Amino acid sequence: MTLLLDIDGVMVPAKSWEKPEILDDQFMNFSHQASIALQMIISKTNSNILLTTSHKDQFDLNEWINIFNRRNISVKNIDKLPRNIHLLNRKDEILNWYNSNPGIQVRKDFIILDDDKSLNALPIFLKERLVLTNSMVGLTVSIANEVIKMMNRPKKDLIGV
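For the record, in the sequence shown the residue sitting at position 22 is 22 according to the working numbering, with numbers rising by one throughout.
Read the hints as simulated data drawn from the structure, not as lab findings.
Everything numeric in this text was worked out from a predicted model, so none of it was measured.
All C-beta atoms, glycine included, are put in the ideal place defined by N, C-alpha and C.
Heads up, none of these hints are tricks.
Pairs of lysine-lysine, DSS-like flavour, derived with a Cα cap of 27 Å:
id, residue 1, residue 2
1, K127, K117
2, K108, K149
3, K80, K15
4, K44, K127
5, K149, K91
6, K15, K91
7, K127, K15
8, K127, K91
9, K108, K76
10, K149, K44
11, K76, K44
12, K19, K117
13, K108, K80
14, K91, K108
15, K80, K44
16, K80, K127
17, K117, K149
18, K117, K91
19, K127, K108
20, K19, K80
21, K117, K80
22, K44, K108
23, K149, K80
24, K117, K15
25, K76, K149
26, K80, K91
27, K127, K149
Pair by pair, the computed Cβ-Cβ distance ranges are:
id, residue 1, residue 2, range
28, R153, P123, 12 to 20 Å
29, K76, Q26, 17 to 25 Å
30, N66, F125, 32 to 40 Å
31, F125, I22, 32 to 40 Å
32, Q26, M136, 21 to 29 Å
33, K76, S100, 20 to 28 Å
34, N84, F125, 21 to 29 Å
35, R153, N84, 24 to 32 Å
36, N152, L87, 34 to 42 Å
37, K19, D109, 32 to 40 Å
38, I124, L23, 33 to 41 Å
Put together the whole structure using the sequences plus the hints.
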């Protein structure tokens, strides 16, 4: 299973009045609640992480693993969407990823975890795999339980399968 993961508004609540804490690794600290929730998802589903965040190109994959591990999230497999050289919006980046991965189209073994409301414009077969967070709150245990339930749902329950 693959979790397409945004950072801002998911792992780091987007509060305009509050500057996020930057740790020694030069990246924002994740909220404690989001770290617990993401670790719960990974532990219960053995998910791989695919970074969709606009920060994805700031670090290489080993540095990203260290960033997550430093925040008490044990990730083994992490990747990121290709560099966004055409300045696509998140919806189009995800559509490009989906269209260039025929295996994922067959398996439908992914969840999109983001706070970007424009993703509501995704085609239904992708929108059914979308879990939106409240950008000011971020990922919670309740949302993590929803993600886990979706990831464990039998494929026959998925639209278009």
